[in-house]
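As they're listed, the protein sequences go chains H and S.
All residue numbers for the first sequence refer to the numbering used here, where the first residue is 1 and numbers rise by one.
All residue numbers for the second sequence refer to the numbering used here, where the first residue is 101 and numbers rise by one.
Derived by calculation from the structure, the hints in this document are not laboratory data.
Do not rely on the hints blindly, as some may be mistaken.
Said to hold, decoys possible - BS3-like cross-link-like pairs, simulated, lysine-lysine; straight-line CA separation at most 25 Å:
#, chain 1, residue 1, chain 2, residue 2
1, H, K69, H, K80
2, H, K80, S, K131
3, S, K189, S, K131
4, S, K131, H, K69
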Amino acid sequence: MSASDQPHEHNQDSCRRYLSSLSEYADGTLSAELCEELEAHMAICENCRIVVNTLTRTVSLYRQIPAPKMPSAVKERLYKVLHLEAYIPPGPDAPDQPGQ
Amino acid sequence: MPHSSDDDLVARLQAGDQSAYAQLVEENAGKIYRLALRMMGNETDAEDVLQETFLSAFRSIDRFEARSSLSTWLYRIASNAALMRLRRKEPEQVSVDEPLERDDGEMIPRQFFDFCCLPEDDLLREEARAEMMHAVEELPATLRSVFVLRDIEGLSTEETAEALDLSISAVKSRLMRARLRLREQLSAYFSHGPLISEAG
Ligand SMILES: [Zn+2]
């Protein structure tokens, strides 16, 4: 049977085999052998190519999201609960600005 | 593996030095709060987890053995506290068991919209960021904890394994599943193109 002209149906059987490798591939920690195999597959499979690219992009986007800061009131309450009031550091930024 | 930079602080902590306690809090409260916030999804619960973490750390500092770093140790206490709370709130979602095998089908990609080349400004605008964090909150807690520590907080695979008391292979497999789910969600979101800026 010929699979020569696959419609743009994702051929799950062949692609599924690579699924568990994609995350490590994105981290660059996949073994050289599997890496080669996957890259050969990606050369002929657009879907897997897209999945790898968007997976990598997903991780890089999350790494770029600025970290939420702990509100200074939360910090103060923490020090109080721990009986460390005497050590509450003077915030690097001005005390809470109301409004804004 | 010993963490020599911690040695001095650990000695002072175990000797009951108040300023050492303050230093431990000062150096770690921010990241513990971030983990708690990502895990719990709201500030009130995050604050509870934060306080619980340090209270519990202070109580058990005598038993700290420097097999991990202080910060990994705190991450571990905090993740346990968060998971415990979540288990109370959503018991069906936070199984203690390895959530593998059962849903192979869930990992199979269905979205093939290539959002890689959208302008970074669009990908990271506020609405998109909110959507991204919402997607993290939707992950099952056992996947969420791995993703948050590994990909958001930037811990190594080994540190994540230590913090969550998981094997390396469990971390890798949960990370993979978390990432594939998030990729799916983001692909769906970006393919609707609600964010293509109108004003250039
Ligand atoms: Zn494929």
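Comparing the hints with the structure gives:
Restraint check for K69(H) and K80(H): the C-alpha separation of about 19 Å stays at or below 25 Å, so the hint holds. For the hint pairing K80(H) with K131(S), the CA-to-CA distance comes to about 19 Å; that is within 25 Å, so the pair holds. Proposed proximity of K189(S) and K131(S) is supported: the alpha carbons are some 23 Å apart, at most 25 Å. At most 25 Å may separate the alpha-carbon atoms for a hinted pair to count; K131(S) and K69(H) meet this at roughly 9 Å.
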